[in-house]
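Participant: Going by the working numbering, the letters in the sequence shown line up with residues -17 to 555, in that order.
Simulated from the structure, these hints should not be mistaken for laboratory data.
We treat Cβ as the ideally placed atom computed from N, Cα and C, and that holds for glycine.
Accuracy of the hints is not assured; some may be wrong.
Simulated crosslink set (EDC-like; lysine to aspartate or glutamate; CA at most 16 Å straight-line) [stated by the list, open to error]: (1) K351 - D452; (2) K555 - D452; (3) K117 - E90.
Between beta-carbon pairs, the in silico distance windows are [said to hold, decoys possible]: (4) T379 - A264: 23 to 33 Å; (5) S227 - N349: 19 to 29 Å; (6) Q255 - L329: 31 to 41 Å; (7) L329 - S530: 24 to 34 Å; (8) E135 - S530: 53 to 63 Å; (9) M421 - S227: 22 to 32 Å; (10) D487 - E135: 51 to 61 Å.
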Amino acid sequence: MKILTYIIAGFLIGINLLNAQNQVAIPDTLSGTQFDLSLQSGTVQFYPGQISNTMGINGNILGPTLIMNKGDMVNILVDNQLSETTTIHWHGMHVSASNDGGPHTTIEPSEVWNPSFTVFDRAATYWYHPHLHEKTNEHVSKGIAGFIIVRDEDEAALDLPRTYGVDDFPLVIQTKDFDENNQIVTPSNADDVLMVNATIDPMLDVPAQVVRFRLLNGSSQRVFNLGLSGNQTFYQIGSDDGLLSETNAVSRLRLAPGERVEVLIDLTAMQGQSLSLMSFAAELANGIYGASNPGIMPIMILNGYNPNPLNGTNFTILEMNVVATTNNPVMSIPGELVEVNPIPESLADITRTLIFTPEQAGPNSLNGKFYINGTSFDMDIINYSIAINNIEIWTITNQSPIAHPFHIHDVHFYVLDRNGNPPPPGEQGRKDVILVPAMETVRFITQFTDFANDEVPYMYHCHMLTHEDDGMMGQFEVVDNPSGIAQGIKDRNNIKIYPNPVSGDEVKVLIPGKVKNVEYYELYTATGNMIIHKPLGSIQQEILLDLSNVKPGTYILIVKTSNEVYTESIIKK
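Given the sequences, and given the hints that come with them, work out the whole structure.
Facilitator: The structure is reproduced here in C-alpha cells:
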C-alpha cells in the first residue's frame, strides 16, 4: 500500500510539476539597521482545504528578506513566540560567536534575543535559520528560514539587476514529506513534494530582460542539479559569500543543502515565451542524495528513499512566463565582476584533517549516524582551539558512501582543490558550504579574524540536516592564547603512558579494563596537526606506540574506544 501511495503521489506530482499554476510568493523585506523578528507557529494550505501546521518568522511560514549594507551596525530583536526552545543562526555571516546563533545560544519560549553586530560581509546572498541541536531539521522544514541580502559599493558599481521582486528574485528551493494528514514529516527520506518560497507548483512572471535569481537550497538533504529547459545557457555571478571575479557561463550548477548561487538569465529576446528552471537529477552520480541511488553502490539502501519521482529523474522546479520589459532594464550580461583575492596556500599556519565515516559499514550504512574524525557531537567538547588570525588549511576527506555538504561558521573559505585538481570556476569565490562526494577529498583555506571568545564556540558540520541533528558536527573556539590542539576531547586521565617523558622510539599505552573495543588512536602536535591516525578495531588492553618518526616535543594522544574518548599528553625528548 505504501508503494502504491508513492506511485500515485508521484504521478500527481509529476502532472503538477508539468502544469505549474501557483504564482510564487516573494518574501517581504526589512531593511535598515533595526530588524524585529517574531518566531511563531502558523498554518498553511499547501493544498486547497488541507491545513498543515507550520512555523514562520513574522508570518505563517518562512520569513522576511533582511537587506543590510556592509559596514552598518545592525540591531536585531528575535522574539520567540513558539512553544519550544530554538535558536537563529545567520548562515554565512562573519559575526562574533555570541551573535552567531549556534546551539549554545538558545532562545526560550517568550524570550527575546538581541544580537547586534557590524556587517563585515561583502555583497552576497546569506540566510538565517534555527540551529538547535537535534531540532534544526524540524524547525527549518516547518518553515523557519529567510534570506539576507548584503549590499556594498563594489556590487552597486556593476550594471546588475537589483530591483527586488521585479528583476532580482530570492528563491529558496525545498523538498518536504507530508503524512496522510498533510503534516510535515521530519526526519524523512521520502521528500517528494517540491516547493519554491513555500509555493507548490510554482510559476513566476519574469520580464524580457536580464533577470537575477538568488538561489538557495533550503532542503534538509536533497542536492539539485540546476539547469534551464532546452539546455539554455545561464550565467553564475556569485557563490555563497560574494560575487565571482568574472561571469561563469554554465548549463548546469550543482546546489547542495545550505549553498547559495546568484545567476543571471538572459530573457531579452523571449517575450511571450516560457521556460523552466529544472533539476537534471538523472545526471547526478550515485552517492548523492537526489540521484537514483543515494549510496555509491546500488546495494546500499536508504529507508524511505525509493520510490520517489524526484530521485534520479529530471524535473521542473519553477516555470517562468516571459512578460514585457520593465523600465530601466538590464539588457546585457557583464564580464568582469569584482576583485577576489584567495589566500595563498604558502601562508597557512596549520593543516587540519577531518574524515567522514559511517557509524556502520555495509548495505545499511546510510541508515546510521555519520562521524567526523570518529566522534559524534558533544555540547561539552571543544574540538579545536584556534588562534585568532590563524590561516588554516582544512582537508575534508569523505570515507562514507554518500556526499556530505560541509559548512563552517564564522569564516568564508577558498577551495584549494578537489582530489588534487583546481576547483571549477563556480567554486573559485568565497564559500561557506562545499559538497564533498563519497571517497573524495576537498581542501580549503581560510583565516580566523576579528572575533575571539573562549566561552562560546562556533560550529562546523554536515548541512544535511538529518546528519547534523544526528551528531555529524563539531565545534571550535577562536582564542587569543590557544593552548593548542583540539581542546575538550574528554581528558579522563585514566589511560596510562610509560615511559613518559620518553627518550626512545616506543611507548606503551595501558587501556582501562572497562574498555570493550579500541577503535583507533591519533597523535597530534601541540598546534593541533594530526600526524598519526591508526585504526585498530579490536579489544586491546595495551597499545605499543611507534614514535620513531616523531620529532622531540609535546604531543597529544587520543584513544577512541567503543564507549569513551581518552586523551593524554606525551613528551618526547
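Participant: Looking back at the numbered hints, which does the structure fail to meet, lowest number first?
Facilitator: Those not satisfied are hints 2, 5, 6.
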